[in-house]
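*Asks:* Residue strings, one per chain:
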Amino acid sequence: MTDRVALVTGASRGIGRAIALALGKSGYTVVGTATSDAGAQSISEGLAAEGIKGQGMTLDVSSSESVDAVIKAIGEQYGAPAVLVNNAGITKDNIMMRMKDEEWFDVIDTNLNSLYRLSKACLRGMTKARWGRIINISSVVGAMGNAGQANYAAAKAGMDGFTRSLAREIGSRGITVNGIAPGFIDTDMTKKLGDDQRELLKAQIPLQRLGEPEEIAGVVVFLASDAGAYITGETIHVNGGMYMA
Amino acid sequence: MSSIEERVKKIVAEQLGVKEEDVQENASFVEDLGADSLDTVELVMALEEEFETEIPDEEAEKITTVKLAIDYIKENLQ
Numbered sequence: 001m002t003d004r005v006a007l008v009t010g011a012s013r014g015i016g017r018a019i020a021l022a023l024g025k026s027g028y029t030v031v032g033t034a035t036s037d038a039g040a041q042s043i044s045e046g047l048a049a050e051g052i053k054g055q056g057m058t059l060d061v062s063s064s065e066s067v068d069a070v071i072k073a074i075g076e077q078y079g080a081p082a083v084l085v086n087n088a089g090i091t092k093d094n095i096m097m098r099m100k101d102e103e104w105f106d107v108i109d110t111n112l113n114s115l116y117r118l119s120k121a122c123l124r125g126m127t128k129a130r131w132g133r134i135i136n137i138s139s140v141v142g143a144m145g146n147a148g149q150a151n152y153a154a155a156k157a158g159m160d161g162f163t164r165s166l167a168r169e170i171g172s173r174g175i176t177v178n179g180i181a182p183g184f185i186d187t188d189m190t191k192k193l194g195d196d197q198r199e200l201l202k203a204q205i206p207l208q209r210l211g212e213p214e215e216i217a218g219v220v221v222f223l224a225s226d227a228g229a230y231i232t233g234e235t236i237h238v239n240g241g242m243y244m245a
Numbered sequence: 001m002s003s004i005e006e007r008v009k010k011i012v013a014e015q016l017g018v019k020e021e022d023v024q025e026n027a028s029f030v031e032d033l034g035a036d037s038l039d040t041v042e043l044v045m046a047l048e049e050e051f052e053t054e055i056p057d058e059e060a061e062k063i064t065t066v067k068l069a070i071d072y073i074k075e076n077l078q
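Protein sequences appear in the order of chains A and B.
Counting from 1, one number per residue, gives the positions in the first sequence under the UniProt record's numbering.
Counting from 1, one number per residue, gives the positions in the second sequence under the UniProt record's numbering.
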């Protein structure tokens, strides 16, 4: 277990950072990625402060070349990733009638096309090892929809379909593929919302509060562990009860 | 050192879980040896490792029989 490598995209802050630290504390060597060198540096420092083996790396999930280079570097330095957490994501909200091409395509590319690039690049190592975990961080919005987030919701719902298909494809090789759909978690992404909006949201949540990043990270650790080995193709909703399927 | 033919057949037998004597040169991985599409990808990965080479995807897709695998290795490694 301790020599397994976990790769977490978008790990410089928010949910990704919590996931990287939680996997590290449970014994994984962790590589966390960020879009900027400063972000990667901050990941390295965060891991080192907790005595976790691994580092931050700079990665643009919307570039196949960048993905290939990072996977190669990880393989040479630590060994092929056994756990891949596709967490990197962005929002560019707008109502449909005002949405720009760039807002649509950027969100689809970073949030959804990245799954294709990262998963494909990691599958070789996982197939060879006959063990792997792919965990995709989607969103409650992919299931509920949200006005002003058609691009984000489309990407997130796409991730859930990807999760189910890939789970069927590679289950025979000991690789599980699951999603986690967070509700409203207290991160920079949701801090963009105004106070009024946050209060309105809380009223919709039976647990009456936003979630903490660590409450998503705990589910990732569970899915990656032996205790989660029989779960595949599932998207687990972690949202304080705001949406119940 | 065994011949390329022997090494290829050994890998095919190991990867697809069949007996070496069933791995005839004209055998198709999918139709005769029971491979599925994922098996064929893994088979190519195993060949790449054995012969320390990289087989591009567009070439790998054409390697559908034992003979085609042997021919590919011979042409590209000699």
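Simulated from the structure, these hints should not be mistaken for laboratory data.
Among the hints, a few may not be true.
What the hints assert, rightly or not - Covered stretches of chain A (chain B as the covering partner; in silico rule of three or more C-beta atoms under 8 Å from a C-beta of chain B):
id : region
1  : 75 to 89
2  : 153 to 163
Said to hold, decoys possible - Straight-line Cα separation of at most 30 Å, DSS-like style, residue types lysine-lysine; simulated pairs:
id : chain 1 : residue 1 : chain 2 : residue 2
3  : A       : K191      : B       : K62
4  : B       : K10       : A       : K192
5  : B       : K67       : A       : K25
6  : A       : K100      : B       : K67
7  : B       : K10       : A       : K100
8  : A       : K72       : B       : K74
9  : A       : K202      : A       : K92
10 : B       : K10       : A       : K120
11 : B       : K10       : A       : K191
Glycine included, C-beta positions come from ideal geometry on N, C-alpha and C.
*Asks:* Hint by hint, work out which the structure violates, then give me just those numbers in ascending order.
*Replies:* 1, 2, 3, 4, 5, 6, 7, 11
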